[in-house]
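**Q** Same order as they appear, the protein sequences are chains U and X.
Start counting the first sequence at 0; every next residue gets the next number (numbering that gives the first Met the number 0).
Start counting the second sequence at 0; every next residue gets the next number (numbering that gives the first Met the number 0).
Keep in mind the hints are simulated off the structure, nothing from the lab.
A quick note: this is a predicted structure, and the numbers were derived from the prediction, not measured.
There could be a bad hint or two in this list.
[Stated by the list, open to error] Pairs of lysine-lysine, PhoX-like flavour, derived with a Cα cap of 25 Å: (1) U:LYS300 to U:LYS46; (2) U:LYS229 to X:LYS77; (3) U:LYS320 to U:LYS300; (4) U:LYS241 to U:LYS170; (5) X:LYS21 to U:LYS170; (6) U:LYS227 to U:LYS241.
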Amino acid sequence: MYTQALNSSDGDDRGVEDVARATRFQARIDADERIEPNDWMPAAYRKTLTRQISQHAHSEIVGMLPEGNWITRAPSLRRKAALLAKVQDECGHGLYLYAAAETLGTSREELVDAMLSGKAKYSSIFNYPTLTWADIGTIGWLVDGAAIMNQIPLCRCSYGPYARAMIRVCKEESFHQRQGFEIMVTLCRGTAEQKAMAQNALDRWWWPVLMMFGPPDQVSQHSDTSTKWKIKRFSNDELRQKFIDATVPQAEFLGLTIPDPGMKQNANGNWVHSPIDWDEFKQVLAGNGPCNRDRLAARRKAHEEGAWVREAAMAYAEKRKSRQLAQAAE
Amino acid sequence: MATPNVPLWEVFIRSRNGLAHKHVGSLHAADATLALQAARDIYTRRGEGLSIWVVPSNAITASDPSEKGMMFEPAESKIYRHPTFYDVPDEVGHM
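Based on the provided sequences and hints, a complete structural model is requested.
**A** Written as C-alpha cells, this is what we have:
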C-alpha cells in the first residue's frame, strides 16, 4: 500500500537483543496491549515501523502533487473548494504520520531528507499522471478507496501513536472517497464524451490501484513478522480481494467496465482478477514510472524554495527570545 | 543537506465547553505563535475545538513506563478506595 517498498527491500535484520524482554514484548502484543513510545521494543520493530510510518507519510505528501495539478482547472467552484480541502487533508495526514514516526526516535527532518535524496520510498501509485478531470474522480474513488481498505485495520495496529494517527486519517479519508465517486457519477450521467473520459481514467488506474496492495502473499517478505507484531492484520491478497469485491458493484452502478475481461466471480462470490503485471510495479518502485522524476523534482524544489521561510521563522524566534531575556535582565 | 531541527510542540484541544483539554498530537514550529496557527490548521479543520493549548514538548515531565509497577502500586493495593468494596444491604436499594 502506501508502504509497499517494505515488501521488497533488505534482508533479515531481526536480531533479538534480549530474549527475556522480547518474550515479554511479544506477550504484550498477544494480549492486544498497545506499545507506546517509551516502552521497550525490539530494534527490528522500531526499524520496521519507522520505515512503514515514514513511507506512509511521504506518500501522503507526494500524493498532493497529482491532485494539486487540477486545483486551478477544476470545472466549478464547488469542485475546486472540495479538491483544495482534500489536498489540504493529505498534507495534514502527512504531518500526523511524521509526528507518529518521530516518536520512534528519528527526526522529521531526517525522514524528509531521506525521501528527498531518493533513499526512502513512497507509494508507486503517485508516479502516474493525472491526464484529465476524470482522473481526479478516479483517484478519490479508487486510490482513496484502496487506502481506506488498508488503513482501517491499521487503526488497531500494535503501535499506539500510529494507530491513533490512523483513526484521524480514516475519519477524513471517507470524505475523499465520496467526493471522488460523486465526480464519477456526474461524468457517467453526462455526455457520451464525459462518460468515455471516465472509462478511460478507470482503464488507466485500475491495474496500478491493484498494485497498491503490494506483491502477492507468497513473495511478500515482511508480512510474517509484521503479522506477528500486529502491525499488519490482513495480508496483501486479502485486502486486494476485499477491495475488488467492494468496487465491482460500484463500477456496475456507474455503467463502467473494469478493464479485466478475464475477471470471474468464483463460487464464494469473490471476483478473481487476471494476473497482475508485477514487472511494471517493480519498475515504478525502482524509479522508472511515468512521473517518478517529476514528483521528486517537485518535492525538492518546494523544499529548497521554502528553506528561507524556515530559516527566517527560526531567526525571528531566536531574536524574540534574546530580546525577552534582555528585558527580563533590566 | 540536513535541515535544522525545528522545536517540537504538544497540542491539546478542548472540544466543547465544560470538557478538559485533551492531547491530540504534536507538531513542529519555530515559536508559540506559529505553533498555535499550525495546530489550528492541522488539528481543527472540521470544527474539532473551541480552544487550543500548545506546550513545548521538552517542558513535559513524564513518568517512566518501565517503573509503572512501583509508581502505581499504592493505588492498586487499596481496594477499599472503591465504592464496590462496601456491602450495602439489598433492602436499602441504590446508594
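**Q** Compare the structure with each hint and give your call.
**A** Verification of the hints:
At most 25 Å may separate the alpha-carbon atoms for a hinted pair to count; LYS300 of chain U and LYS46 of chain U exceed this at roughly 29 Å. For the given pair, LYS229 of chain U sits about 35 Å from LYS77 of chain X by alpha-carbon distance, which is inconsistent with the 25 Å threshold. Our distance criterion of 25 Å between C-alpha atoms is broken by LYS320 of chain U and LYS300 of chain U, whose separation comes to about 31 Å. For the proposed pair LYS241 of chain U and LYS170 of chain U, the alpha carbon gap of about 20 Å is at most 25 Å, so the pair holds.
For the hint pairing LYS21 of chain X with LYS170 of chain U, the CA-to-CA distance comes to about 18 Å; that is within 25 Å, so the pair holds. About 22 Å separates the Cα atoms of LYS227 of chain U and LYS241 of chain U, which keeps this hinted pair within 25 Å; it holds.
Hint compliance for this structure: hints 1, 2 and 3 are broken, all remaining hints hold.
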